[in-house]
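**Student:** What follows is the residue order along each chain.
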Amino acid sequence: MPLLMPLFDDAVLKRRAEIVAALRAIVPGEGVIASEREMRPFESDGLTAYRQLPMVVVLPETTAQVAAVLDFCHREGIKVVPRGAGTSLSGGALPLGDGVLLGLAKFNRIREIDYDNRVVVVEPGVTNLAVSQAVAEAGFYYAPDPSSQIACTIGGNVAENSGGVHCLKYGMTANNVLGCELVLMTGEIIRLGGKHLDAGGYDLLGIVTGSEGLLGVVTEVTVRILKKPQTARAALIGFAASEDGGECVAKIIGAGIIPGGMEMMDRPAIAATEEFVHAGYPLDVEALLIVELDGPQDEVDHLLERVQDIAKTCRALTCRVSNSEDERLLFWAGRKAAFPAVGRISPDYYCMDGTIPRARLPHVLNRMREMSAKYGLRVANVFHAGDGNLHPLILYDANKPGELENAEKFGADILRLCVEVGGVLTGEHGVGVEKRDLMPVMFSEEDLNQQQRLKCAFDGKSLLNPGKVFPTLHRCAELGRMHVHAGKMSFPDIPRF
Amino acid sequence: MMARAMADNLKPRDAKEVEQAIQWALGNDKTFEVVGRGSKRGIGRAAQWDGTLDLSSLSGVTLYEPEELVLSARAGTPIAEIEALVASRNQQLAFEPMDYAALLGGATGAGSIGGVIAANLSGPRRIKAGAARDHFLGVSAVSGRGETFKSGGRVVKNVTGYDLCKLLAGSWGTLAAMTDITIKTLPKAETEATILALNLTDATASKVMASAMASFADVSGAAHLPAAVAMRIAEIGATQAAVTAFRLEGVAPSVAQRKSVLESLLAPFGSLGTLGEAASRALWQAIRDVTPFAANGVAGKRDVWRISTAPTQGAIVGEALAGATDAELLYDWAGGLIWAAMPATNDAQAPLVHATAAANGGHATLIRAPIAVRAAVDVFTPEQPVLAALTKRVRGGFDPQGVLNAGRMWAGV
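Sequences listed follow chains A and B, in order.
No gaps in the numbering here: position 494 of the first sequence is 494 in the working numbering, and each next residue is one more.
No gaps in the numbering here: position 47 of the second sequence is 47 in the working numbering, and each next residue is one more.
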């Protein structure tokens, strides 16, 4: 799919040597990377279909350096793309050829662990998993657990409002972040939130979380940590039809049970993962559900009984419950390896990320089967059943001419379907460049303009990560214009009192 | 206050009329006070507006699917109607929105869902389940530009575009008039119980609450009430002591197990009590609504502040205020939320309260004070200059002419 990015600014590119020198004066030594060979690793993120070498890579180590770099770029009119670990699946960190790629990887220290307030203060380059590991000895953990958690950073998690398999019970990043230090495009530094639970003014932290690096550069994050549940057990339930699995999910929630995790896989995903991991998944089912309950032992045992009863009423073909930690992890092993497992049965796969109202799952799966036939491409589905977040994996071969384009069209059709049934374009991977041009499927021009006015409040020159999220870039002055018909408008016929 | 022309008080019947009303205001240089059902009009800076934009006719639940944990309603729908509806399906609004009626002296249950969101209300369960902003999935609203926009959706997991819901939650009607709201509903706990630790000082209670929050007890409410304040709540008044209360919610076997966890944790701190389900519910409702400082009670003439800080700083803030002003205190959120009732003064002690909150990494809001006081002092903690400028630009992006609730949070915003 041809991706239209902002036009290169020739005036900036002509001054490249001068700009690199100015950046070196701010970030000394190896913190500025300007050779093509060394910039190569930064040319794409997790969405590798799109690649672009940046004009220059800068890896600052202090907030003061970040502020100085942004201040310089702001004054000189140079675009900036922030980057964490580069695991984005939507191209959020795709560089711009006339822009600075601002990598936060050197911000990798945990600044404070505060058990009394149950928070950890980290630099944005700390990995998601490292937070949980740092507090594990005291029995705590950080709840959001995106599947890239070994590599992805907290800064990136804030930018994308990352989720994971436990969102229904424990929320997404936005529900687990309490504060941050943010450098604006002007180089000004602000603090949002802290160790307290709510905002004193506008909830700008809530807006910055999930803003895909378009509003500011986060240089410190305060996250909440939770006590690790005393125990967790899982049930592995197979169904002859996805409708039965969907009914089971609805009935579990209807019974007042909120599982820690609830995942569903369809037949192609089950087959691929079982062959890869040998988790003991049944192969003669259309849908496989993993229901994990966590909490005090008595509660988990009690609720697991109920889940099994519900499964029976939903015509479950198989139902196993984990009786040891090893067995629980084995249940998960297949699901957690679903992406690489699918990677084994196809040269390439394209991972989608729509969310749908749970009840529409059977309808969406049926429609996807029709699309699969139409495009001649296989699809395997993994589904965060608890919160309706669907990850169809479209199998294709990039070496066959036209297959990537076909896979992208198939993917776009799936996302349109998600919106059609009352869902959304992206549940946790972000819009980035990938879903940017689909935004009008979900939003009117006025919806998007209002979002961009918020962007203008943070970044009036549109220098921070332009070309992402919004299909059309408007100048802030244009967006700010008002069309008021002073005095001409007749008094509306609205009840008065 | 100047008498308003009746013609400037509008009560639109639908979202389209809200848009027309704001466009009319824009074209005629009018400003509106935006109200849902008007139950929280007494909160905020006292400012003057040309008229009232009353959204109470936008009423009614438009979608409720319990198995999908989702509910949509017009913004003016009474919160009491929504809570009764979800309760009929054994569900609740897990963020436990407080009712300001006791503090402000109105009728209980009088607010709207729009008001709950605009004030980002929550309750004792905030420490476990989040606030309104964490359960606010989707919105349709009319900006101060007179333009209708939507954000979010009806699903929990959604990162499509900026989450304007977060921004509107707690914006006190200063950015847009919300017309339709979608929230998450959750199952109601099957049962609950409360464990009481008695006679702790504020400082010790702070430490004990921190240990409880770090235990397997999975506490869904942790509050501390000094003796004089505790005595005003029927369920615990007879103890004649300071009360530190911990709520446990869930299925019966779980509550029983966690109760024993908590009891052994609290045993070294002396005398314990327990409250069964009914008394526990009544106690936490009283804490949620801060009834010890009720307008019609013994503290009714006092000014009331709401201070949010790190839980460990709660007792420090409380002692600083009590030492300086004879403040009465009620601590919720394991110490992170302090309700302070101070003897009335002409500035409601605003400089002291804001400085104390800021010094402890938090912020304060003046919730109850005479209108003349709220017109003269900072009701919300002033922001640092760079942040204040950003706040102003954000508002300008939604409401450049200041049509909606201008000046309610800060002067000039």
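Simulated from the structure, these hints should not be mistaken for laboratory data.
Some hints could be false.
No farther apart than 16 angstroms at their CA atoms in a straight line, the calculated lysine to aspartate or glutamate pairs in the EDC-like style are these [to be verified]:
{"hint": "1", "chain 1": "A", "residue 1": "K374", "chain 2": "A", "residue 2": "E327"}
{"hint": "2", "chain 1": "B", "residue 1": "K150", "chain 2": "A", "residue 2": "E243"}
{"hint": "3", "chain 1": "B", "residue 1": "K207", "chain 2": "A", "residue 2": "D116"}
{"hint": "4", "chain 1": "B", "residue 1": "K259", "chain 2": "A", "residue 2": "D298"}
{"hint": "5", "chain 1": "B", "residue 1": "K16", "chain 2": "A", "residue 2": "D114"}
{"hint": "6", "chain 1": "A", "residue 1": "K169", "chain 2": "B", "residue 2": "D347"}
{"hint": "7", "chain 1": "A", "residue 1": "K251", "chain 2": "B", "residue 2": "D347"}
{"hint": "8", "chain 1": "A", "residue 1": "K251", "chain 2": "B", "residue 2": "E65"}
{"hint": "9", "chain 1": "B", "residue 1": "K11", "chain 2": "A", "residue 2": "D493"}
{"hint": "10", "chain 1": "B", "residue 1": "K150", "chain 2": "A", "residue 2": "D116"}
{"hint": "11", "chain 1": "B", "residue 1": "K16", "chain 2": "A", "residue 2": "D493"}
{"hint": "12", "chain 1": "A", "residue 1": "K227", "chain 2": "A", "residue 2": "E305"}
{"hint": "13", "chain 1": "B", "residue 1": "K150", "chain 2": "A", "residue 2": "E446"}
{"hint": "14", "chain 1": "B", "residue 1": "K301", "chain 2": "B", "residue 2": "D347"}
{"hint": "15", "chain 1": "B", "residue 1": "K188", "chain 2": "B", "residue 2": "E83"}
{"hint": "16", "chain 1": "B", "residue 1": "K207", "chain 2": "A", "residue 2": "D493"}
{"hint": "17", "chain 1": "A", "residue 1": "K14", "chain 2": "A", "residue 2": "D98"}
A few chain A residues that don't get close to chain B, going by computed Cβ distances all over 10 angstroms [as the list claims (entries may be wrong)]:
{"hint": "18", "residue": "L283"}
{"hint": "19", "residue": "T318"}
{"hint": "20", "residue": "R453"}
Note that the Cβ used here is the ideal one computed from N, Cα and C, for glycine as well.
**Student:** Compare the structure with each hint and give your call.
**Tutor:** Against the structure, the hints come out as follows:
The hinted pair formed by K374(A) and E327(A) fails the criterion: a straight-line CA distance of about 40 angstroms is larger than 16 angstroms. Proposed proximity of K150(B) and E243(A) is contradicted: the alpha carbons are some 32 angstroms apart, above 16 angstroms. Only pairs whose Cα atoms come within 16 angstroms are accepted, and K207(B) paired with D116(A) is accepted, the gap being roughly 8 angstroms. Only pairs whose Cα atoms come within 16 angstroms are accepted, and K259(B) paired with D298(A) is accepted, the gap being roughly 12 angstroms.
For the given pair, K16(B) sits about 50 angstroms from D114(A) by alpha-carbon distance, which is inconsistent with the 16 angstroms threshold. Our distance criterion of 16 angstroms between C-alpha atoms is broken by K169(A) and D347(B), whose separation comes to about 44 angstroms. Of the supplied pair hints, the one linking K251(A) and D347(B) is violated, its CA atoms being roughly 55 angstroms apart against a limit of 16 angstroms. Annotation: proposed proximity of K251(A) to E65(B) holds, straight-line Cα distance about 12 angstroms (limit 16 angstroms).
Annotation: proposed proximity of K11(B) to D493(A) holds, straight-line Cα distance about 10 angstroms (limit 16 angstroms). Distance hint between K150(B) and D116(A) is unfulfilled; the C-alpha atoms sit about 39 angstroms from each other, more than 16 angstroms. The straight-line distance between the Cα atoms of K16(B) and D493(A) is roughly 11 angstroms, inside the 16 angstroms bound, and the hint therefore holds. Distance restraint check for K227(A) and E305(A): the Cα-Cα separation of roughly 24 angstroms exceeds the 16 angstroms cut-off, and the hinted pair is therefore not satisfied.
For the hint pairing K150(B) with E446(A), the CA-to-CA distance comes to about 9 angstroms; that is within 16 angstroms, so the pair holds. As the CA atoms of K301(B) and D347(B) are separated by approximately 14 angstroms, the hinted pair is consistent with the 16 angstroms bound. Distance check on the hinted pair: K188(B) and E83(B) sit about 11 angstroms apart at the alpha-carbon level, within 16 angstroms; holds. A C-alpha spacing of about 60 angstroms is found between K207(B) and D493(A), which places the hinted pair above 16 angstroms, so the restraint is violated.
In summary, the hint linking K14(A) to D98(A) is supported, as the alpha carbons are separated by about 10 angstroms, within the 16 angstroms threshold. For L283(A), the shortest C-beta to C-beta distance to chain B comes to about 29 angstroms, beyond the 10 angstroms cut-off, and the non-interface label holds. Its beta-carbon lying about 24 angstroms from the closest one in chain B, T318(A) satisfies the requirement of being farther than 10 angstroms from that chain. Annotated as non-interface, R453(A) brings its C-beta within 10 angstroms of a C-beta of chain B; the closest such distance is 4 angstroms.
The earlier numbered hints that this structure contradicts are 1, 2, 5, 6, 7, 10, 12, 16 and 20.
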